[in-house]
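Engineer: First to last, the sequence lines map onto chains A and B.
Just remember that my numbering sits 28 ahead of the position in the first sequence, which is counted from 1.
Just remember that my numbering sits 309 ahead of the position in the second sequence, which is counted from 1.
It should be emphasised that the hints constitute simulated quantities derived from the structure, not laboratory data.
Every residue, glycine too, gets a C-beta built ideally from N, C-alpha and C.
It cannot be assumed that every hint is accurate.
[To be verified] With beta-carbon atoms standing in for the labels, derived distance ranges:
| # | chain 1 | residue 1 | chain 2 | residue 2 | range |
| --- | --- | --- | --- | --- | --- |
| 1 | A | Asp106 | B | Gln327 | 48 to 56 Å |
| 2 | A | Asp94 | B | Arg318 | 36 to 44 Å |
| 3 | B | Arg326 | A | Ala138 | 31 to 39 Å |
| 4 | B | Gly372 | A | Ser68 | 35 to 43 Å |
| 5 | A | Ser54 | B | Thr364 | 35 to 43 Å |
| 6 | B | Asp382 | A | Ala138 | 37 to 45 Å |
| 7 | B | Thr364 | A | Glu31 | 40 to 48 Å |
| 8 | B | Gly349 | A | Glu85 | 44 to 52 Å |
| 9 | B | Glu323 | A | Asp94 | 45 to 53 Å |
| 10 | A | Glu31 | B | Ser392 | 24 to 32 Å |
[As the list claims (entries may be wrong)] Short derived list, chain A residues pointing at chain B, Cβ under 7 Å:
| # | residue |
| --- | --- |
| 11 | Ala57 |
| 12 | Tyr60 |
| 13 | Tyr77 |
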Amino acid sequence: QKEVEQDPGPLSVPEGAIVSLNCTYSNSAFQYFMWYRQYSRKGPELLMYTYSSGNKEDGRFTAQVDKSSKYISLFIRDSQPSDSATYLCAPNSGNTPLVFGKGTRLSVIA
Amino acid sequence: DAEITQSPRHKITETGRQVTLACHQTWNHNNMFWYRQDLGHGLRLIHYSYGVHDTNKGEVSDGYSVSRSNTEDLPLTLESAASSQTSVYFCASSDPSNYGYTFGSGTRLTVV
């Protein structure tokens with residue numbers, strides 16, 4: 029079983045839709061959970077960062093962690109064409125380099 | 310402003326040649342990383358360094374080497390380029406107290 033699993037998509041939604049992006053992981057030592065956004069031909073950039081279980085909200089974005097099921101989610105409300113990008117999850121224990129999911133490619137259609 | 314820069318942005322090289330990709334950061338970060346990104350595989354760790362003179366192998370280190378002689382630079386060397394090393398290479402850096410990585414814009418390498 030891979031350490032981090034993420035559906036690569038692609039996922040295509042209309043503008044204004046609620047988007048749900050998900051990852052599962054296998055390492056119970058993971059305590060830090062990051063989401064990166066990568067635009068085409070650019071490097072990934074940190075979007076959200078949470079510690080342990082629970083929710084964290086930042087504008088239209090909500091990161092959710094369920095450590096009991098090893099499941100992490102990123103929700104995007106009122107999606108915009110500018111949200112079109114690849115989203116990568118990166119759970120981590122804090123003392124090893126980041127391992128990334130394969131990324132989910134999202135297209136938001138105007 | 311602090312930044313992390315990679316050079317060149319694009320490179321085409323021949324099989325068997327030695328190639329070095331540059332990564333330079335002005336964040337004064339101790340931690341630096343090299344990843345490659347391929348369709349179907351995502352980002353995979355090649356090598357990383359936690360400080361000057363420290364280097365460690367990642368998941369896909371065969372055929373690659375790094376050296377860290379100062380805080381700012383972590384060059385990645387392909388000792389004898391192979392077609393399987395055609396990829397987009399990303400350098401990243403981080404502070405030990407900050408789990409977020411700052412990535413460069415990438416180098417697109419083609420081995421023919």
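Engineer: Can the suggested window of 36 to 44 Å be confirmed for the beta-carbon pair Asp94(A) and Arg318(B)?
Structural biologist: Taking Cβ atoms as reference, Asp94(A) and Arg318(B) lie about 40 Å apart, which means the hint holds.
Engineer: Could you see if the CB distance from Arg326(B) to Ala138(A) stays within 31 to 39 Å?
Structural biologist: violated, 45 Å
Engineer: Using the beta carbons of Glu31(A) and Ser392(B), state whether their distance is inside 24 to 32 Å or not.
Structural biologist: holds, 27 Å
Engineer: May I ask you to test the interface hint for Tyr60(A) with respect to chain B, counting a Cβ-Cβ separation under 7 Å as satisfied?
Structural biologist: This hint holds: Tyr60(A) lies near chain B, its Cβ roughly 5 Å from the closest one there, short of 7 Å.
Engineer: Can we keep the Ala57(A) interface hint, with Cβ of chain B closer than 7 Å?
Structural biologist: violated, 14 Å
Engineer: Using the beta carbons of Asp106(A) and Gln327(B), state whether their distance is inside 48 to 56 Å or not.
Structural biologist: Given about 50 Å between the Cβ atoms, the range holds.
Engineer: Should the hint that Ser54(A) and Thr364(B) are 35 to 43 Å apart at their CB atoms be regarded as holding?
Structural biologist: violated, 27 Å
Engineer: A range of 44 to 52 Å was offered for this pair. Does it hold for the Cβ distance of Gly349(B) and Glu85(A)?
Structural biologist: For Glu85(A) against Gly349(B), whose Cβ atoms are near 33 Å apart, the range 44 to 52 Å is violated.
Engineer: Return holds or violated for the Cβ distance of Thr364(B) and Glu31(A) against the range 40 to 48 Å.
Structural biologist: Violated, at about 22 Å.
Engineer: Given the hint of 45 to 53 Å, is the C-beta distance from Glu323(B) to Asp94(A) inside that range or not?
Structural biologist: Once the Cβ atoms are compared, 50 Å apart, the range 45 to 53 Å for Asp94(A) and Glu323(B) holds.
Engineer: Looking only at beta-carbon atoms, does the pair Gly372(B), Ser68(A) fall within the given range of 35 to 43 Å?
Structural biologist: violated, 27 Å
Engineer: Quick check on Tyr77(A) please, does its C-beta sit within 7 Å of some C-beta on chain B?
Structural biologist: Holds. Min distance 6 Å.
Hint check: violations occur at hints 3, 4, 5, 7, 8, 11; the rest are consistent with the structure.
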